[in-house]
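Protein chains in written order, with our numbering: chain Z, 1 to 267; chain W, 1 to 258.
For the record, the hints were derived by calculation from the structure and aren't laboratory data. Hints are supplied without guarantee of correctness; some may be wrong.
[To be verified] One side of the interface only, derived from the structure: several residues of chain Z facing chain W at Cβ under 7 Å: (1) Gly13; (2) Ala43; (3) Ile44; (4) Ile45; (5) Ile46; (6) Thr58; (7) Pro60; (8) Phe172; (9) Asp175; (10) Glu178; (11) Thr184.
The C-beta atom is built at its ideal place from N, Cα and C for all residues, glycine as well.
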Amino acid sequence: MVDAARGFVVIAGAWVRAALTYRTSFVIMVLVQVVITFLDFAAIIIMFSHLDAFGGFTLPQIALLFAMSGFALGAADLLVGNSEALGRRIRDGSFDQMLVRPVAPIVQVAADRFAIRRVGRIAQALGVLTWALLSVSIDWTVGRVVVLVGAMLCGSVIFCAVFVMGGAFQVFAGDAAEVANAFTYGGNTLTQYPLTIYPTELVKGVTFIVPLAFVNWYPGLYVLGMDDPFGLPSWFQFASPIAAVVFVVAAATFWRIAVRHYRSTGS
Amino acid sequence: MRGFRRYSTYRAATLAGVFTNSVFGVIIAYTYIALWDVRPSLGGYDIDQAVTFAWIAQALIAPVAIFGGFVVDELAERVRTGAAAIDLHRPVSLLGLRLAEDLGRGAYHLISRGAIPTLLGALLFDLVWPDTLGTAALAALSIVMAIVVSFGLRYLLGLLAYWIIDIQGPQWIVVLSQIFFSGMMLPLVVFPAWLRTIADLLPFRCMIQIPIDVFLSDSTGTAVAPLLAVQLAWIVILLTAGAAMTQVAVRKVVVQGG
């Protein structure tokens, strides 16, 4: 574990230094990340110029859900987002090199082309979070603070697992990298809104199959002090760590199977 | 034809794209349903028309290259590697060649990443279709013009590489404006008046909002002719600028590499 972390820091550090060499480029790319992710929130603000509540939630309440989901995806994207590019490594044969190096392949895949510009998305999410916390009325307790912070950590872990599964999937289906986007960016878009606007089957899907609802929805309900409109067990609101652990185990298993079944391109 | 074949080779990538567009179609359709549920007839659309908007917009993302890429990256790359010198010696015009290639790509993306998610959307939701063959033909024409407008923008961006080599900055400005002002984020009919005015002055609405408005015109009663005229005007402006800029680029180009 310590070795893995050290390996990650060494590889990622090299990419950070590379990115900072072209400073103007770096600043532009971070700004682009901030703006592109903020556009989603701009759309919600425009929607609210026609509404007082969306799916039963006010703008500051949705901002909280939005920021929790955005932070989780941003952190995961920064840490392991480059597993998206595994397909290219497989096609050009350089994944073979990773397998013989003395650092776990998953660490190398995650740190490969580590893109520090992705802090832009995290910064944007933290900005919206600040605004949400200032404008929403919450009866703060220690429990609510713990659940909020815990959800942001567990949510990041859940999205990390989704990215790793997306990477593993590419071992089997070469250039189908975009499928993972449906769950990462798609999952982010889905959880930006209160789940009340979706049909029950979809809510069950993101609860029991891909546990995206534990990123922000269940813990968010607790923080906001709202009842679950779908009437699912109230302990779900504290279950984000369980969902994260279960999903990480699933992702790790899938990743191991994928690496074991990997066949080199032979170049 | 070459453009069509080039992209149709990668079937798994296409299927993955179809899947992703469909997932987004479902999510966005439900957000529009929630919005139009509270405000029926917002912006002149009813719920079914809004849902249709969500799906057709997803179908158009790949054909009109909302996230950029294609022609742009290739032109810029060829300037960096020096291959641009060969392009300028070809017996056909650079603009004509690239346009033909991009139309082939657009046609392929329309059939695969356009039609398949739309059919899926039609299975899951009540979509609104044109009532007459004439309107359907006009919608098809409008979609082709949308691809040409998008090409015109990407071609100009790609040509910028002849001057500034690294075009990432301008490219991102265009992509961000494209995402927001085309109607992809949210139909422009929902925008507040001042923002709508800005969007109407820009070429980006030719890529999503206008083709969909033509598609829906039978049931919304929107006049089609002015919309097609706007698209045509932007095509003339962008392609004329593209041709003129190519002329200057030919004289200006510094060939990189040996």
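For each hint, the structure was consulted:
no.: 1; hint: Gly13; verdict: 23 Å, violated
no.: 2; hint: Ala43; verdict: 5 Å, holds
no.: 3; hint: Ile44; verdict: 9 Å, violated
no.: 4; hint: Ile45; verdict: 10 Å, violated
no.: 5; hint: Ile46; verdict: 6 Å, holds
no.: 6; hint: Thr58; verdict: 13 Å, violated
no.: 7; hint: Pro60; verdict: 18 Å, violated
no.: 8; hint: Phe172; verdict: 10 Å, violated
no.: 9; hint: Asp175; verdict: 4 Å, holds
no.: 10; hint: Glu178; verdict: 4 Å, holds
no.: 11; hint: Thr184; verdict: 10 Å, violated
Comparing the model with each earlier hint shows violations of hints 1, 3, 4, 6, 7, 8, 11; every other hint is respected.
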